[in-house]
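Kindly generate the complete structure, drawing on both the sequences and the hints.
Chains as they are written, first to last, in the numbering used here: chain Y, 1 to 180; chain C, 1 to 354; chain H, 1 to 298.
Hint data in this document are derived by calculation from the structure and do not stem from the laboratory. Any given hint could be a false lead.
These stretches of chain H come out as covered by chain Y in the derived footprint (C-beta under 8 Å, 3 or more residues) [to be verified]:
hint, region
1, 110-119
2, 198-205
3, 273-281
Since the model is a prediction, treat every value here as computed from it, not as a measurement. Beta carbons are placed, not taken as given, at the ideal position from N, Cα and C, and that holds for glycine.
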Amino acid sequence: MAKLSCAGRLWLLLFLATAGLVALFAFSPQGEGPARSSALDKGLERELARQARAAFVRELYAPVVELRDSGQPQAALLKLEELARAYPGDPFALVLRAEILREMGRVDQAIHHYARALRLNGEYLDEQGPFTRRTEIRQLVEEGLATFLPRFQAHPDNRSLAATVKEVYYLQSRLAGGCE
Amino acid sequence: MNLRDRHLWLVISAGLALGVLGALLAVWGNPENSGICVSCFLENSAGALGLHDNERMRYLRPELIGFVLGALASSLLFREFRSRGGSDPLPRFFGGIFLMVGCAVFIGCPIKLFLRLGAGDLTALSGFAGLFAGVWGGLRTMVDEVRLAPAQPRRGSGLLIPALFLLLLIFLLTGPGFLLTSAGGSATAHAPRSVSLAVGLLLGGLAQRSRLCVTGALRDALLLGRRSPLLYGLLAFALSAVLVNLGTGGFRLGFYGQPGAHTDQLWSFFGMALVGWLSVLIGGCPFRQLIKAGEGDADAGLVVMGMFVGGAVAQSWGLTATAAGVPLYGKVAVLSGFIFIFAWSLFRRDSQAC
Amino acid sequence: MTRRFLLLLLLPLFFLPGCDRLGERPKLKIGYMNCNNERETYQRFAPISSYLSEKTGAEFETVVADTHEFEERMKAGEFALVHTNSLLYIILKEAVGLKLLAAEKRGAFGTHTAGALIARKGSGIEKIEDIKGKRLIFGPMMAPSGYLAQYDLMLAAGIDPERDLAYYAIPPGAFKHEKLVYAVYFGDFDVAAAPVLDLEEMTREGKIEADDFTILAQSATYPYCTFGAAADLDPALFAKIKAALLDLGPEDTAEVDGERLKVLKTSWAEGFEDLLDSDYDGLREMARRANMPPYQSY
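Rendered as structure tokens:
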């Protein structure tokens, strides 16, 4: 047998390795292999984790939503304070707070809390998400621009009005989309 | 401007295609004002490959695959594929990382900068000023005899990145379980996969043939003035983007409420200045690096790998700017990028001349 | 050589006239309305005075005063700045032309607050009409959140506090706000005129639970505590003080008795904001309806 040249050996090894790879894909058991099932499991795990989180958040804040819906906004705010002892800084609490404050006429505070919530978690802008607040935020932006922009234009030196208008623009920018 | 120059018309066609398709991709489903954004797409793709943990930025962007494979196909067809490399590979790798840092702080690559301007987003003006200043700075550095080592023919090296993107194409088509996809966020905003891939392939081919490059156009404008064909390609790009946006209702002139934009003008300037400067030193903007990688340039391939790492790092370390502004670490990263440029330039300069 | 030496000797003479100005820092007093007790009020607000001193170059002294003393002491020109509740701001604006500097931010409503009427859950008192013939405890009379707001709520509901209640009282001594909440909690009184901010803070601190009380009625919101400046305060100093207050952030510190303290944390505030005088109009209307100062008629 002719002795293979260096290049010939390398080509042969390349062919064998490639053939081995093809064989691996072609002949690996379908649907039962550990690699395939772990990939599926991971996807399933992620989806389960997402749904579990959504269910937990709904359950946790159900008393707040109930109080708000029954016309007890201040009691709902106090309930949020109570829950914040165990779950400080949760962005959904900020969303609920924003909604309640808006109902109570504190539009500037509603804008501020929505902006804080979105900085922490952008899912409240998703069209299809379980906690979407896209419509509410859009309405708030319209209200904010109608209320605070004229006031700021009348008092351009007022830093608090400037800060509120800036947050309205931030919400407007987030609503417009883009990579974020 | 020589109207008989075929290359000029090729460049203008590529510019027109980039502007029209870039604006249309946003209409067809890509994020607003981000029909094409190499940096955003790299961040999304890095997320899809599990390189960072931002759940809302995970999608393997077909456009990127199209750019590289389109450039590959075009270079093979016209016998322009040249496997080459060996020109300061590691600095290029880090250059790729810092390209992404600059883009992350501006929120967009140079292509997106013009798409944003074409959509009436005036906050991109400071980015344009920065990009221009950065290109000028890079040119000044090169005048001071800062040079990278010349590339050498390298058999085989130039195939690696096209092979990688071919693998990514297989991932895109087969959807393996380890490929991550966001359930919400800007990564869910995408045009149909086949459309994105087709556009990417077309633009990749056109860009490879025409050598279209945003920072290259600015560089040539500074060096050659109105004689530069790339300048006309850039103008065609910008104008066509404006016209498409006006026609589709995507044009909103103003500073405020723009999608994916912040009003921190100073750091938009610095972010794009970093991108401009680096692009001149390493021979092209992020888009051009992808095209060159497709036509066999292994050094550009390393820049691409650096950009993947940079995209992952920008997301994981919280360097990216948002509509709320630029985070402290983003600013630190940009300044670190400038330190990298200046230190590297000092090491690489021709000590006789500078 | 000798001429140069003599000139050098004479040079310091040019700077001598400025020497006595180095020690010249205007010494001004800030009157802080006594909240829970004098010592606590002083400890809360001394860092703000120190911070303003550091930022503006003036030297501010912290003075704690009772609510009823402010008008007289302002007329006497004692205070350059005051920190009071919003009702007192309105009164002093009418009386001495107090100028609005900044409003304090604290709690869910930011620069605003409200007053509520509360009853113990399960007491059978479910709505405001049920308080007729019951025992009510108010906060201090000059507290908009502990008296005025609730008085106005009752009038709006057709309840005359002077006739329709069994009786009402105001707790003596310090910490009145917490006392009235506990008074209802422990059953000494049926209804309390509770400041919403106190309910919020007591819930946050675990002193009460959200479910312990029924909120029978709540007023509209109005501005919370306010910094005001005397009408004759130097405009440049006014601008500096205002900027310093609005710039005050959570990490800012000031020195008090050799110790560096976080200003906002010590004062319990979350910051200061720039309100307009028109933001106080709602409270003015409340005071008119309730026949309270500065609109009382006899």
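These are the hints, each one checked on the structure:
{"no.": "1", "hint": "110-119", "in the structure": "holds (count 5)"}
{"no.": "2", "hint": "198-205", "in the structure": "holds (count 4)"}
{"no.": "3", "hint": "273-281", "in the structure": "holds (count 4)"}
Of the hints listed earlier, there is not a single one the structure fails to meet.
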